[in-house]
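Peer 1: Single-letter residue listing:
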Amino acid sequence: MRHLKINLGGFVPISTVDWSHQLSFVIFLSGCPFRCPYCQNYELLEVKELRDSEELFRELDEAKMFIDGVVFSGGEPTERIDILTFLIEGVKKRGLKVAVQTNGYYPDNLKRILEDVDLFMMDVKTVPEKYDSLVKRPDALERVERSLEILRESEVDVEIRTTLFRSLHTLEDVERIALWVSDFPLVLQQGRPENAWDEEIRKERPLTRDEIFEMARVAKKHNKNIKIRTAELGEEEYEDHSIRREAVLGEERSCKSGKRDGYSRSYHGRCCER
Amino acid sequence: MAINVQRMSLSRSVEEINIIKSDGRKEKFDPNKIAMSLMKIGVPYKISARITDMISTQVYDGITTKQLRTMIINALLQYDEKFALRYKHSHELLVRTSRGTLEPFDDEKITKSLIRECNLDRDTAEKISKKVKAQLRKLNVQYLTAPLIREVVTVALLEEGLEEARNRYTRLGMPVYDVTQLIEHGSKENANLHHNPETIHKFAGDQILKEYLLVSVLPKHIADAHMRGEIHLHDVEYYAIRPNCLQHDLRWFMLHGLKVDGTGDHTSVARAPKHASVAALHAAKILAASQTNMAGGQAFDFFNVFMAPFLKGLSYKEVRQIAQMFIYEMNQQYVARGGQVVFSNVGIELDVPEFLREEEAVGAEGKIVGTYGDFRDEAQMFAHAYLDVMLEGDAVGKPHLFPNTIVKVRDRSFRDDEQRELLLKVHQLFAKYGTPYIANLIPKWQTENANYMGCRTRLDSAWGEYTGMEKPWEATIRTGNIHYHTLNLPRIAYEANGDDSRVFDLLDERLSLIEESMRIKHQIIERRLQKDGVLPFLTQKSRDGEIYYRFENVTHTVGYVGMNEFLKYHTGYELHEDDEAYRFALDVAEYIREWTKEKQSETGWRWSFTQTPAESTAGRFARLDLRDFPKAIVNGDPNDPKSVYYTNSSHIRVSADVPLYKRIQLESRFHPLTNGGHIAHIFLGESYPDPEALMKLTERICKNTEVGLFDYTRDLTTCKNCGKVSGGLHERCPNCGASGDAIEYYSRITGYYQRIGSGSNKTGGWNSAKISELKDRKRYTV
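Listed in order, the protein sequences are those of chains A and B.
Residue numbers 1 to 274, in my numbering, belong to the letters of the first sequence in order.
Residue numbers 1 to 782, in my numbering, belong to the letters of the second sequence in order.
Bound-form chain A, shown alone:
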């Protein structure tokens, strides 16, 4: 089998949180055109060393029995598209599924891998007019728009993600993002300031789950598929009735809805009374 020197920044052998309901092996590829101040993987912004692809595939083979697929993250994995296509091929050969996390800066590269990817998780970082200045790249917005267009026209599964910070995202911003990508599922993620690149952001308080729920409520007006993801309770689907649906208080409300998800108090689909 062909070897390649790859821009491997690291990997997580088994993850439950990088791909909804799937067990994934997460591969971080270094190098990124953006310089977002809240970046948590800022050590991977530059390509520092190249490693042999064999090393990675050996690990993947050992993990294979336990996982569903591979998530490519970064950095920006589509930046070195030759390497990414090579790796995707290796993953597919092993019968595993593929997801790619991308910032959408390389629309043409996205096109090249559309067929082989099961899920694109694309970042939409902010509203259009703040885009270029937030990521510190003059043509970012234009390229992100093109990527969204390509994904819109394709058959592939897409999930849009926005990572939220107190100092960067207003309620109105979130509403406009939801409107902008209203035809895609949108995940509102709680940003973790303590891991941010920018020292000012590191000092700020994270948005609380309640605050993100409020953002989700507003987003829901324009986008029927909203999820939130927090350190407190992980990924939750936003439903109108779920605003106060918490593990501690949720029984009555979720029972009346008849819904059976993470915190429903139903039993075999029957609500409280049999």
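Since the hints were derived computationally from the structure, they do not count as laboratory data.
None of these values were measured; they are calculated from a predicted model.
Warning: the hint list may mix true and false statements.
Claimed, not checked - Which stretches of chain A does chain B cover? Using the computed rule of at least three CB atoms under 8 angstroms from a CB of chain B, they are:
hint	stretch
1	12-22
2	65-74
3	102-110
4	198-211
5	222-234
We put the beta carbon where it would ideally sit given N, CA and C, even for glycine.
Model the placement of chain B on the given structure of chain A, informed by the hints.
Peer 2: Showing chain B alone in chain A's frame:
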């Protein structure tokens, strides 16, 4: 004040007069001493001089001190009765008794006690007591007390070279300073014991019983091996009185009713329960009552199955209420073993296991209401209710730490929708609190039934097959582990110094010590049960006269600590670093397992081999070894002896950079060998894991590895301010930003969940070695 006796008109010379003292020695008569002793008790100078004068005329060579004293008393009586009495008392040793009275000292009492307690012959005993009396006289103490006399006697015994007698004669207890420390600061030995009056009493009592064991019950070479840290005898405070743990059979009490004292003589007696809620309350009280007789975990296997017949016709809401009642009882009966909650465990079946389907089901008032196979729905409903209550947490959002919830996964568990639905809830609980355990009965090496406790004690039906029980699965209940003993494996490596055969010689040597101790323990408990009658809950009888506790099935358990460090020293590699070294570790484990099989056929008793939980042993062994072997390989900071620890059993070093799946696979191969218990911990990273994905991982672990018991452990930060629980250990609440007193930390200590501590109150939390381990744990970002 000095008296010039020369000025007194002595009528004759006293030069040649000798006095015979009580111990037979001679002493020259000295009139000064008489004058001094009289003035000391307040006799005026003039009278003192006169009496001294008088006595000096009467004394004769060879007079005894006793005669001399009588002479003085008689002389004093002529002046003042008061002085005579005072003199008498000052020259008589008085003992303040524990009854609060003052009694004259009597050396015959010492003689008798030495004969009775130490088996000394009368001559030796008398010699000692005479010597003690003389020494006591010299002491300038106001009153003697029994403990003080005993201290002096033990020293006298040592001076005579009677060390064995001293050990029997000594008192047990604690230095005053230690008691003060205990009262003011508590102890950290057990994470379940918080600082309160009950635990203070417990620790004080423990101290006596620990010393009693080492001084009086165990032969010196075993006690020494324990003290040196070659082996560890667990729960030494309970060794001489209590067996370790018990898997209960709830049906017994549903048939016979409940006597919490075992006899019904001292407490109210309850009939067989009629209502589901009473059955649940009885269940809680059974565990608490039994805990008073036992050192370790109290468990119900098949809990939801055996509760099921009581739940027929109840709504889910009612069933949930019953589960909630039970769970709160187990977390709020703050009374066991010195103000702890019971160390409780519950085995949950996802379906009624095949071997129970045709078993008669015990229902209300002890009546047979069909077979357990008829109550599948109710058993599953109860499991749902139980898990829902656990998921909810307590009133402030903290996890319920007890009972340890062991979910048993069997062949069909992943294929059957209803079981999957329950399993998903189990994984929601993992995701939120990380508290349950998965017992994996799928691998071929498992037996028809096997149960586990949170501390990992495992009982299986192999023993039932071995002894030809009609229903082998019954060998897993109404019995438990009698005692844990643990081998310090790294120590063996240091002593063997690279020599393979020496390793096995040393193993034999340490194992034979353990065998000897185990036989002693077995005999003691047999006696406590049958003769002393101090374990009445265990020895209670059914209407047919059958004893509840199946002593004939108790298992004798040998465990080990530090396989990883043992291997590193012996081969240069850690468990995950080299295949050959890893195989050697398996050989060592196999060797110990085989040894337990030999013992089983020699003694006819059940023996098992376990991965010791080692809550404090991991730290104790490492500390002792670091002191005695400079080359010792320990984790933690060698410059801070409190922080050092060995890796538990044959786990991979917690900080090792090994992918999760590899860790599981490496650890899993020890599980089939350790029939007495094992566990693989999967330490989760900070994020909130996805329950569905986690469940997939569980399925793959269960189907593809040999793992018998495992858990996903999350570190938790709970906030009293906003009631939120967050993954990971944070200085500030990630939700509301509160810090200090509002923040509490939780993680799994060795088997079970415990509070690590908080900004304000660090007592009752983890010991230093375990905190050090926590910092080193490699978290997987699952």
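Peer 1: Now tell me, hint by hint, if it's right for this structure.
Peer 2: Hints, one by one, checked against the model:
Only residues whose C-beta sits within less than 8 angstroms of a C-beta in chain B count toward coverage, and the stretch 12-22 of chain A has 10 of them, enough to reach three; the restraint holds. With 3 residues having a Cβ less than 8 angstroms from any Cβ of chain B, the stretch 65-74 of chain A passes the three-residue criterion, so the hint holds. Three residues within the 8 angstroms Cβ limit are the bar, and the stretch 102-110 of chain A against chain B gives 0, so the coverage statement is violated. Interface restraint, the stretch 198-211 of chain A with chain B: holds (4 residues with C-beta to C-beta distance below 8 angstroms; minimum three).
Counting residues of the stretch 222-234 of chain A whose CB falls under 8 angstroms from any CB of chain B gives 5; the rule of at least 3 is met.
Comparing the model with each earlier hint shows a violation of hint 3 alone; every other hint is respected.
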